[in-house]
Amino acid sequence: MSVVSVKGLTLRFGERLLWENLNFELEHGELLAVLGPNGTGKTSLIRILLGLLEPSSGTVAIEGRPPAETRSQVGYVPQQRIFDRDLALRGRDLVRLGLDGHRFGAGRLSATQRDRLEHTIESVGAGGYVDAPLGRLSGGEQQRLRIAQALVSNPSLLLADEPLLSLDLAYQQIITGLLDSHRRSAGTPVVFVTHDINPVLSIVDRVLYLAPGSWAMGTPDEVLTSEGLSALYGAPVDVLRLRGRVVVVGTPDDQHVHHVGHAH
Amino acid sequence: MFTNLLAQHFVHNALAAGAIVAVVSGAIGWFVVTRGASFAVHAISELGFTGAAGALVVGLDPIVGMIGGSLGVGLVLGVLSLRGRERDSAIGAVLAFGLGIGVLFLSLYQGYATEATNLLFGSIVGVSDRQVLELAVVTAIVLTGVVGLYRPLLFSSVDPEGAEARGVPVRMLSVAVFLLLALTTAEAIQVVGVLLVLTLVITPAAAAQRLTVHPTRALLLAVVIALVATEGGILLSLAHPWPTSFFISAISFGVYLVARIYDATGRDSS
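Those sequence lines, one after another, are chains A and B.
Quick note on our numbering: the first sequence kicks off at 1 and runs consecutively.
Quick note on our numbering: the second sequence kicks off at 1001 and runs consecutively.
Excised from the complex, chain A in its bound form (with noise of 0.2 Å):
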């Protein structure tokens, strides 16, 4: 059985069509990336994956249950949004946030419940800084530790929003590296949302582009096309392939550092 099963899924704010019946299944280990300019529902689409927001029409299933049924079977990462420098909080307590953070009381740790915690932390590399105050860690580092609240609680499916925004190239390919080892290993599903396709282009299995009013979906090859991203614009659109990097040109918001590769 898929993971995830969309099916049919409509949404509109008030007269505006984001999209339209959006069709997918997600199996297990699959990475898909969600593409497409800003104020197409990206973001949308993951607070209906967690059940935060209801489609104008279609269900979602993950694995056969509503998608507000399985918040705590879901790891989330956010975009990656600076902690307050002088936040009264270690990047381990940030980490058990996913853990038991949605559990009412002060409660304490089971013995496997803190392995997991440990474990988890030397996953994703932080071991070295998991006891330092979280505001003073760089960006990188914060969203390391964002992964391991993620991974920490098992989840059978994860989703990440714009998990590499503001990071620096380096540290871009070592958040893909977590959530594509972690995939590989315990074969959870992963939908990650990106403006650019380069970072992940390596890993994704499937694209889900979507434009305003209309989406496709398929592998990169079959979507990032020339002829695929016209049709979906509705305008002559072209794409290239440079260097092993995917080059967007002639989209609306063309003037975002966007498809065009990264201002480094």
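Treat the hints with care, as some may be off.
To be verified - Here are the in silico distance ranges between beta carbons for each label pair:
hint: 1; chain 1: A; residue 1: Asp168; chain 2: B; residue 2: Gly1266; range: 29 to 37 Å
hint: 2; chain 1: B; residue 1: Ala1090; chain 2: A; residue 2: Gly29; range: 46 to 54 Å
hint: 3; chain 1: A; residue 1: Arg65; chain 2: B; residue 2: Gly1092; range: 45 to 53 Å
hint: 4; chain 1: B; residue 1: Asp1088; chain 2: A; residue 2: Val247; range: 39 to 47 Å
hint: 5; chain 1: B; residue 1: Arg1085; chain 2: A; residue 2: Ser181; range: 35 to 43 Å
hint: 6; chain 1: A; residue 1: Thr10; chain 2: B; residue 2: Tyr1262; range: 40 to 48 Å
hint: 7; chain 1: A; residue 1: Gly139; chain 2: B; residue 2: Arg1085; range: 18 to 26 Å
hint: 8; chain 1: B; residue 1: Glu1161; chain 2: A; residue 2: Ser5; range: 21 to 29 Å
hint: 9; chain 1: B; residue 1: Ile1261; chain 2: A; residue 2: Ser181; range: 41 to 49 Å
hint: 10; chain 1: B; residue 1: Met1172; chain 2: A; residue 2: Gly139; range: 27 to 35 Å
hint: 11; chain 1: B; residue 1: Leu1143; chain 2: A; residue 2: Arg103; range: 16 to 24 Å
As the list claims (entries may be wrong) - Residues of chain B placed beyond 12 Å of chain A at every Cβ, according to the derived structure:
hint: 12; residue: Ala1016
hint: 13; residue: Thr1034
hint: 14; residue: Val1076
hint: 15; residue: Val1094
hint: 16; residue: Leu1095
hint: 17; residue: Val1137
hint: 18; residue: Val1146
hint: 19; residue: His1240
hint: 20; residue: Ala1250
Hints in this document: simulated from the structure, not taken from any laboratory.
For each residue, glycine too, the CB sits at the ideal point set by N, CA and C.
Given chain A, work out where chain B should sit, using these hints.
Coordinates of chain B only, in the frame set by chain A:
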């Protein structure tokens, strides 16, 4: 003279009330500082004053009016869950008008002006046995709330997005934390007065957060600092005829300064 005073019943009551209030203020302070809600505490406190003044006008117990006023504002702030600048200016606007109403109530009230002074600057020496009991009950309620909601409250305070994704009722917790805060504020007013509530609810927690990043330890440390400040302040005011509130705020601020210096020089210079 000092030892004579220490044997007095009213002094015992003052020390007991101070301790009860210190414990609850220190405990909730961690969440207030982490959520950046210091200004909200000030608003809740001043509107507590308005409630108390209103109660005086209509001949009710000012403490009832104060709790009503604090809870009302706490509820509104919690439900609105405003963030950033919007919250800042909205609180400022509401606070100013609320205080204006309080001034009107006071001018309508024909009783003793001391009542108003006590509300504004605190009066711990006149605490009755009954009041001590009431304070203890309210403290028990707030502490039960803090302990019972500890983990989701921590989660939603430091990482609201992550908490929401895990199904933590972030908005409901925001209302809960403001209601607990309103009850705490109404208690603290009775010891240090409306204008000095922050010295018990904010300063000890802010100092504790400079001394340790371990959240539970910081929370307990804030309780200890608040206890030292209130009990020390009460004892000093027995030995020297200056206002208790002054001594409490002075000790509290002194610890805060030391904590900041420690943080800037000692702890983890990475």
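Results for each hint:
About 31 Å separates the C-beta atoms of A:Asp168 and B:Gly1266, a value consistent with the hinted range of 29 to 37 Å. Remark: the range hint 46 to 54 Å for B:Ala1090 to A:Gly29 is upheld by a beta-carbon distance near 48 Å. In this structure, A:Arg65 and B:Gly1092 meet the distance hint of 45 to 53 Å, their C-beta atoms being roughly 46 Å apart. A beta carbon spacing of about 44 Å between B:Asp1088 and A:Val247 agrees with the range 39 to 47 Å that was offered as a hint.
The hinted range of 35 to 43 Å is satisfied by B:Arg1085 and A:Ser181, whose Cβ atoms lie roughly 42 Å apart. Against the hinted window of 40 to 48 Å, the Cβ-Cβ separation of A:Thr10 and B:Tyr1262 comes to about 58 Å, which falls outside the hint. Between A:Gly139 and B:Arg1085, the C-beta spacing of about 24 Å keeps the proposed range 18 to 26 Å intact. Distance hint check: the CB atoms of B:Glu1161 and A:Ser5 are about 25 Å apart, consistent with the given range 21 to 29 Å.
Distance hint check: the CB atoms of B:Ile1261 and A:Ser181 are about 45 Å apart, consistent with the given range 41 to 49 Å. A hinted range of 27 to 35 Å holds for the C-beta pair B:Met1172 and A:Gly139, which are about 31 Å apart. Restraint check, B:Leu1143 to A:Arg103: a C-beta distance of roughly 19 Å satisfies the suggested window 16 to 24 Å. The claim that B:Ala1016 lies off the interface holds: its Cβ sits roughly 26 Å from the closest Cβ of chain A, which is beyond the 12 Å cut-off.
Once the 12 Å rule is applied to beta carbons, B:Thr1034 is inconsistent with being away from chain A; the minimum gap is 7 Å. No beta-carbon of chain A comes within 12 Å of the beta-carbon of B:Val1076; the shortest separation is about 25 Å. With 12 Å as the threshold on Cβ separation, the claim that B:Val1094 sits away from chain A holds: the shortest Cβ distance comes to roughly 25 Å. With a cut of 12 Å on Cβ distances, B:Leu1095 stays outside the contact zone with chain A, its closest approach being about 24 Å.
The Cβ of B:Val1137 lies farther than 12 Å from every Cβ of chain A, with a closest approach of about 21 Å, so its non-interface assignment holds. Its beta-carbon lying about 9 Å from the closest one in chain A, B:Val1146 breaks the requirement of being farther than 12 Å from that chain. Interface exclusion of B:His1240 from chain A stands, the closest Cβ pair being 34 Å apart, more than 12 Å. A cut-off of 12 Å between C-beta atoms confirms that B:Ala1250 is not in contact with chain A; the least separation is 24 Å.
Going through the hint list in order, the structure does not satisfy hints 6, 13, 18.
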